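So the protein sequences, as listed, match chains H and S.
Count along the first sequence from 1, then add 1122; that gives the number in the working numbering.
Count along the second sequence from 1, then add 312; that gives the number in the working numbering.
Don't read these hints as lab results, they were simulated from the structure.
Everything numeric in this text was worked out from a predicted model, so none of it was measured.
For every residue, glycine included, the Cβ atom is placed at its ideal position computed from N, Cα and C.
Treat the hints with care, since some could be wrong.
Said to hold, decoys possible - No more than 20 angstroms apart at the CA atoms, straight line, and that leaves these computed lysine to any residue pairs for SDA-like: (1) S:Lys-344 - S:His-506; (2) S:Lys-344 - H:Gly-1223; (3) S:Lys-344 - H:Ile-1211; (4) H:Lys-1138 - S:Thr-593; (5) S:Lys-333 - H:Ile-1211; (6) H:Lys-1255 - S:Tyr-354; (7) H:Lys-1281 - S:Leu-330; (8) H:Lys-1385 - H:Lys-1255; (9) H:Lys-1129 - S:Leu-332; (10) S:Lys-333 - H:Glu-1213; (11) H:Lys-1255 - S:Arg-348; (12) S:Lys-336 - H:Arg-1224; (13) H:Lys-1129 - S:Leu-330; (14) H:Lys-1281 - S:Tyr-585; (15) H:Lys-1502 - S:Val-357; (16) H:Lys-1186 - H:Asn-1132; (17) H:Lys-1255 - S:Val-357; (18) S:Lys-344 - H:Glu-1216; (19) H:Lys-1324 - H:Asp-1268; (20) H:Lys-1186 - S:Leu-332; (21) H:Lys-1261 - S:Tyr-354; (22) H:Lys-1186 - H:Arg-1473; (23) H:Lys-1138 - S:His-506; (24) S:Lys-333 - H:Trp-1176; (25) H:Lys-1129 - S:Thr-329; (26) H:Lys-1138 - S:Lys-344; (27) H:Lys-1138 - S:Pro-334; (28) H:Lys-1324 - H:Lys-1385; (29) H:Lys-1255 - S:Asp-345.
As the list claims (entries may be wrong) - Label pairs and their computed distance ranges (CB to CB): (30) S:Ala-524 - H:Glu-1131: 29 to 35 angstroms; (31) H:Gln-1411 - S:Arg-508: 35 to 41 angstroms; (32) H:Glu-1265 - S:Thr-567: 58 to 64 angstroms; (33) S:Ala-430 - H:Glu-1527: 57 to 63 angstroms; (34) S:Tyr-512 - H:Gly-1286: 36 to 42 angstroms.
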Amino acid sequence: MSDIVVKVENLGKQYKIGSTIDRSPTLRDAIVRAAQRPMRRLRGEARPSKETIWAMRGISFEVKRGQVLGVIGRNGAGKSTLLKVLSQITEPTEGYARITGRVGSLLEVGTGFNQELTGRENIFLNGAILGMKRREILKKFDEIVDFSGVEKFIDTPVKRYSSGMYLRLAFSVAAHLEPEILVVDEVLAVGDADFQRKCLGKMSDVASEGRTVLFVSHNMSAVLRLTDSAIVLERGKLVYDAPTQEAVEFYMSSGYSQTSERKWTPEEIPSSAAPFRPIALRVVNPRGQTTDLVRSIEPLTVEVEYELDAPIQGLRVGVYLLTIRGDWVFTSFDTDSAEQYNQFATREAGRYVSRCQIPADFFNESQYVLGINASSYRIKRYFQEEHALTFSIDSMGAPGKQWPEVRLGTIRPRLNWKIEEQAR
Amino acid sequence: MSNSTLIESQPRASEETLVLKPTKGWISLNLKDLWRYRELVYFLVWRDILVRYKQTLLGAAWAIFQPLMQMVIFNFLFGNMANIATGEIPRPIFTFSALLPWNLFSKAIIDASNSLVANRNMITKVYFPRLVVPLSSVLSGVVDFLIAFVILVGMMVYYQVAVPVTVWLVPALILLALTLALGVGLWFSAWNLHYRDVRYLIPFLSQFWMLASPIAYPLSEIPAQWQTLYMLNPMVGVVEGFRWALLGGGDLPQTALLISVGISLAVLIAGLYYFRRMERTFADTV
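If we strip away everything but chain H, and leave its shape as in the complex, we get (with noise of 0.2 angstroms):
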């Protein structure tokens, strides 16, 4: 059947761990363990096993012309393996995809820009390391300036654009690709509001042009919006394939809120985040139980657990809070206020547990999603989930509880409202 354009089958990718990811290894090392190995050997002790991970494994599906296929899993399901292996950024370690016509990949948005170089320069940079042709480029040059909006700085050097500026004038060239089959990666996590909504548009138009495209989001109403079919990716399997509709709602009620608490095991935390350890993070009533579900009307108590293996300078360790739909409510960390700050300038090795409470009356009666995000501002980003764990909140005796209407708005706060009789 010619009509079906990717074809997947048993598809897997596995990876070593521990080895490159932790330090860039040396060639000394090499030299030092391959004098090693024969002394080893006579020992009679094993060769040291490497560590691996299968990223994702035994993915089978089909995509037809034409078809927009949604992509939805939580981090580290295996989505952006999976994209990166269809896009033949990576080889697959079984398995086979049979792919038929031109792919273009956008797992990220301006590539190869170079902040010295010109608005203009960048385009055609940027253009041909996304596959296309010079003439092609030189067609749609009006075209891509114009969507970008950024007419007035095109001989100017991409270092001074806001970056605002920089994403629209990156999206703008990525939109301008097309390839048959387009492969999209949560480009549109970026940008303020107002891009995200003109990128989305163009997104599908797309879609309605009758391209193949596979698009993988956070965003579940972007998701729901854009794509026929979507699957669900879990823990580097596929659990579901199914329209789309059918399968955000398994996914928001399956993979999100199963528990309360989110733990991570020793498999699950990349080599990377040391010396930085998460160990839990939970949401807990006023009466210490941990849960999934909080009254509104009740503070409640976000505890994120971890430990350090060596002291870490200007750490700050935070949460995300977003709407099940993928929108953001708050980022806050620890370190927030500048006496704690300077507290804890240098954190010490140890188990700790950073704990902050969202005040009463606060939530609106929906489910909500909480991330974590350890770092060292502008050195570096020890650990990020954005979507660790869900709970749900329940609306009894919140205020205007005696109308049993829907309120609209991710916030439900107790205002303090004054009726004043004017004198006439």
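With chain H's structure known, arrange chain S on it following the hints.
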């Protein structure tokens, strides 16, 4: 579904089927794919040149200044101190004409070796034949060479050196230097990705290699019994050949050139296969 049968039996040019599966052992060079991405080579060379001349204050002046300073130092060391004869060729031209192909070569191997690491964000995000990266960094050094070449022509006019008929061999010798540089660069760029201390090895190697090449002294200074061994350095043929083609004097350094061509091609072909073999893990290693 007559339409689909039509497509199946006569695939359009763009409707090629791509099969992604694990590969093992030695694989084909896939030069067809490289040809398809020839414009990317052009754009990367163009980028390297633009960025280099935009970033440095003196721009093109560096391309002239560096070999000139090297020449002055070498003349002092080998001429005034060691007193090594250069035959009928004036010493400044003798040294400068050898520094040109040498600098082209050494810059090319250093840049090519670092090229994969320097372009790692591209490698992890977009597909293109990885060969494009070291290839374009080797080619981007040609501009520096051309700038310095203009100075050499000026010097030849000043010293009234007659240009021999062999001058048409110059482009061929440059091609030979680039071939060798790409060959060496392919090996080092792949190693550099796996072992980050290779980066520190290369400048050292390059310096040692320079002293082992007939830049500040002629091949004839090497004792006869060592000459064959000495000529196993493929840059001997390139440097001697370049000097001979441009300035004349003496015979064609035939043996050195033949050895050089042979070794360069062997290094390049082996390098291409090695690079292709290592290529599949590049994105995972970076």
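Evaluated hints:
Taking the CA atoms of Lys-344 (chain S) and His-506 (chain S), the gap is near 27 angstroms; set against the 20 angstroms cutoff, the hint is violated. Our distance criterion of 20 angstroms between C-alpha atoms is met by Lys-344 (chain S) and Gly-1223 (chain H), whose separation comes to about 17 angstroms. At roughly 18 angstroms between alpha-carbon atoms, Lys-344 (chain S) and Ile-1211 (chain H) fall within 20 angstroms of each other, so this suggested pair holds. Under the criterion of a C-alpha separation no larger than 20 angstroms, the hint pairing Lys-1138 (chain H) with Thr-593 (chain S) is consistent with the structure, at around 11 angstroms.
For the hint linking Lys-333 (chain S) to Ile-1211 (chain H), the alpha-carbon distance of about 12 angstroms falls within 20 angstroms, and the restraint holds. With a C-alpha separation of about 11 angstroms, the suggested pair Lys-1255 (chain H) and Tyr-354 (chain S) falls inside the 20 angstroms cut-off, and the hint holds. Distance hint between Lys-1281 (chain H) and Leu-330 (chain S) is unfulfilled; the C-alpha atoms sit about 38 angstroms from each other, more than 20 angstroms. For the hint linking Lys-1385 (chain H) to Lys-1255 (chain H), the alpha-carbon distance of about 49 angstroms lies beyond 20 angstroms, and the restraint is violated.
For the given pair, Lys-1129 (chain H) sits about 10 angstroms from Leu-332 (chain S) by alpha-carbon distance, which is consistent with the 20 angstroms threshold. The hinted pair formed by Lys-333 (chain S) and Glu-1213 (chain H) meets the criterion: a straight-line CA distance of about 7 angstroms does not exceed 20 angstroms. The hinted pair formed by Lys-1255 (chain H) and Arg-348 (chain S) meets the criterion: a straight-line CA distance of about 10 angstroms does not exceed 20 angstroms. The suggested pairing of Lys-336 (chain S) with Arg-1224 (chain H) is violated, with an alpha-carbon distance near 25 angstroms, which exceeds 20 angstroms.
Annotation: proposed proximity of Lys-1129 (chain H) to Leu-330 (chain S) holds, straight-line Cα distance about 11 angstroms (limit 20 angstroms). Proximity of Lys-1281 (chain H) to Tyr-585 (chain S) is assessed by CA-CA distance (about 39 angstroms); at most 20 angstroms being required, the pair is judged violated. Taking the CA atoms of Lys-1502 (chain H) and Val-357 (chain S), the gap is about 32 angstroms. The hint is violated against a cut of 20 angstroms. The straight-line distance between the Cα atoms of Lys-1186 (chain H) and Asn-1132 (chain H) is roughly 18 angstroms, inside the 20 angstroms bound, and the hint therefore holds.
In summary, the hint linking Lys-1255 (chain H) to Val-357 (chain S) is supported, as the alpha carbons are separated by about 16 angstroms, within the 20 angstroms threshold. Between Lys-344 (chain S) and Glu-1216 (chain H) the alpha-carbon distance is near 26 angstroms, which puts this suggested pair outside the 20 angstroms criterion. Of the pairs offered as hints, the one joining Lys-1324 (chain H) and Asp-1268 (chain H) holds, with about 13 angstroms between alpha carbons and a cut-off of 20 angstroms not exceeded. Restraint check for Lys-1186 (chain H) and Leu-332 (chain S): satisfied, since their Cα atoms lie roughly 18 angstroms apart, inside the 20 angstroms limit.
Taken as a hint, the Lys-1261 (chain H) and Tyr-354 (chain S) pair is honoured in the structure, with Cα atoms around 18 angstroms apart against an allowance of 20 angstroms. Restraint check: the Cα-Cα separation between Lys-1186 (chain H) and Arg-1473 (chain H) comes to about 51 angstroms, which exceeds 20 angstroms; the hinted pair is violated. The hinted pair formed by Lys-1138 (chain H) and His-506 (chain S) meets the criterion: a straight-line CA distance of about 13 angstroms does not exceed 20 angstroms. For the hint linking Lys-333 (chain S) to Trp-1176 (chain H), the alpha-carbon distance of about 16 angstroms falls within 20 angstroms, and the restraint holds.
A distance of roughly 11 angstroms separates the Cα atoms of Lys-1129 (chain H) and Thr-329 (chain S); the hinted pair therefore holds under the 20 angstroms criterion. Simply put, Lys-1138 (chain H) and Lys-344 (chain S) have alpha-carbon atoms about 31 angstroms apart, too far for the 20 angstroms limit, and the pair is violated. Taken as a hint, the Lys-1138 (chain H) and Pro-334 (chain S) pair is honoured in the structure, with Cα atoms around 16 angstroms apart against an allowance of 20 angstroms. Taking the CA atoms of Lys-1324 (chain H) and Lys-1385 (chain H), the gap is near 39 angstroms; set against the 20 angstroms cutoff, the hint is violated.
Distance check on the hinted pair: Lys-1255 (chain H) and Asp-345 (chain S) sit about 14 angstroms apart at the alpha-carbon level, within 20 angstroms; holds. Evaluation of the 29 to 35 angstroms hint for Ala-524 (chain S) and Glu-1131 (chain H) yields a failure: the beta carbon distance comes to about 54 angstroms. The beta-carbon spacing between Gln-1411 (chain H) and Arg-508 (chain S), approximately 50 angstroms, falls outside the hinted interval of 35 to 41 angstroms. Remark: the range hint 58 to 64 angstroms for Glu-1265 (chain H) to Thr-567 (chain S) is upheld by a beta-carbon distance near 59 angstroms.
With their beta carbons about 59 angstroms apart, Ala-430 (chain S) and Glu-1527 (chain H) fall inside the hinted range of 57 to 63 angstroms. A hinted range of 36 to 42 angstroms holds for the C-beta pair Tyr-512 (chain S) and Gly-1286 (chain H), which are about 40 angstroms apart.
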